[in-house]
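S.K.: Chain by chain, the residues:
Protein chains: 2
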Amino acid sequence: MEDPDLIPARNPFPAGIDERLSAQLAFLAEADKLKTILRASPLAAADRRENDAEHSWHLALMVALLAEYADEPIDIGHTVTLVVVHDLVEIYAGDSPVYDAASRLDQREREEAAADRLFPMLPDDQARELRALWEEFEAGETPESRFAKAVDRLEPMLLNWFNEGGTWRMPGASLDKVRARAAGVTAGSSTLGAATEALIDEGVQRGWVRGVPGADSAEDVEGAPRVEP
Amino acid sequence: MEDPDLIPARNPFPAGIDERLSAQLAFLAEADKLKTILRASPLAAADRRENDAEHSWHLALMVALLAEYADEPIDIGHTVTLVVVHDLVEIYAGDSPVYDAASRLDQREREEAAADRLFPMLPDDQARELRALWEEFEAGETPESRFAKAVDRLEPMLLNWFNEGGTWRMPGASLDKVRARAAGVTAGSSTLGAATEALIDEGVQRGWVRGVPGADSAEDVEGAPRVEP
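From first to last, the protein sequence lines are chains A and B.
Under the working numbering, read the first sequence as residues 1 to 229, first letter to last.
Under the working numbering, read the second sequence as residues 1 to 229, first letter to last.
Hints were generated in silico from the structure; no laboratory data involved.
One or more of the hints may lead you astray.
Pair ranges (Cβ atoms, derived) [claimed, not checked]:
#1 A:Glu72 / B:Arg169: 25 to 31 Å
#2 A:Ala15 / B:Pro73: 26 to 32 Å
#3 B:Arg169 / A:Glu19: 37 to 43 Å
#4 B:Arg108 / A:Asp106: 29 to 35 Å
#5 A:Arg206 / B:Arg117: 26 to 32 Å
#6 B:Asp5 / A:Arg108: 38 to 44 Å
Quantities reported herein were computed from a predicted structural model and do not represent experimental measurements.
Glycine included, every Cβ here is placed at the ideal spot set by N, Cα and C.
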């Protein structure tokens, strides 16, 4: 605990707690910081932005309730674990809003550096295990990680639906970019992808999403643009 | 959606989303309110109280990392699901701080009424499933629910450790009541229970917990009371 910025360094555990458990509790104390990392998404239930810990909990509940829509068989417990750990690196790397192109440029480097700093606080076996879970989520090459990513893309769409567009109205957002996020839902679940498209289509009708379908770049469109059927 | 206080009633989903999925998404939108239910516990990472959604996420991470300490074999995925859903009824019933005796008097009635209102928003099969998960957690009679309760008791102790006692300093708290919560940790994990006792013992030495061991009622003790070895 040489780093004074670490939460566990503020008050070392009593000597009666052995080294392995102390390391695990230290990591869990440091993980408290995820509750302070704000996302771009507004809550549906209050007039403030969502934090990463709340978001991760919401995804876990979505996995439990929506697993029937996964396009491939998934291990629900493993998928829940993926979403619980998927944003931990943002404790040091910060959130990289999807419609903020600048923040996405060096996102991978920042998150790799954060993983190098964060996971080794754990005992070696669990450090490797959590790193592997994070890498699995990021790669999105297993049925579980595809579904985890699907709910990660869907959840902010659901919040946007109750916020007159929410992040769809951010300066960097456009219909093409919003549809690209919906494609990430479809990659794990065609049913949830179709539902997401239905929300977006209605959002376009209401003027909540800028740009016209098929355009290569965002156009600032006043009011609700007409949409091809 | 006859109740205008329901989040999903604010903006019904497009007709293209079928009835079952609409009910599930409506429940998930209403569940956003868990992010607004404040607990008594202070965060370790910021100067504010924790909310139920953050707390539930933290428990899920604790289950994933501390499952090796369960005194009986547990299904980790099932245990994570228990902690993800265990506080949902507080959306309507509110939090009942453990050291606030008045709020605990009618807690069970309030939470039963909340369950009757909340879970039927889901399709019948999932309404029954979530109710059963909540009842399982509350009863604490399975290995998974005993371990879920253990981390539910341990997590605020960990936050208190980084807040010079935190809720241990609440007016209604006393050493006997704090030790009773630690017994709930021990019931699921003797190792985590012993670690919790070590935190409390040190907290007593520092004057963070009122009352002397073995006393039947809380005594207001100034400074650090002496403790039997």
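S.K.: Decide, hint by hint, whether the structure agrees.
M.R.: These are the hints, each one checked on the structure:
A beta carbon spacing of about 51 Å between Glu72 of chain A and Arg169 of chain B contradicts the range 25 to 31 Å that was offered as a hint. Checked against the given bound of 26 to 32 Å, the beta carbons of Ala15 of chain A and Pro73 of chain B, roughly 30 Å apart, stay inside it. Arg169 of chain B and Glu19 of chain A have their C-beta atoms about 30 Å apart, which leaves the hinted 37 to 43 Å range violated. Restraint check, Arg108 of chain B to Asp106 of chain A: a C-beta distance of roughly 52 Å breaks the suggested window 29 to 35 Å.
A beta carbon spacing of about 30 Å between Arg206 of chain A and Arg117 of chain B agrees with the range 26 to 32 Å that was offered as a hint. With their beta carbons about 43 Å apart, Asp5 of chain B and Arg108 of chain A fall inside the hinted range of 38 to 44 Å.
In terms of the numbered hints stated before, the structure departs from hints 1, 3 and 4, listed from lowest to highest.
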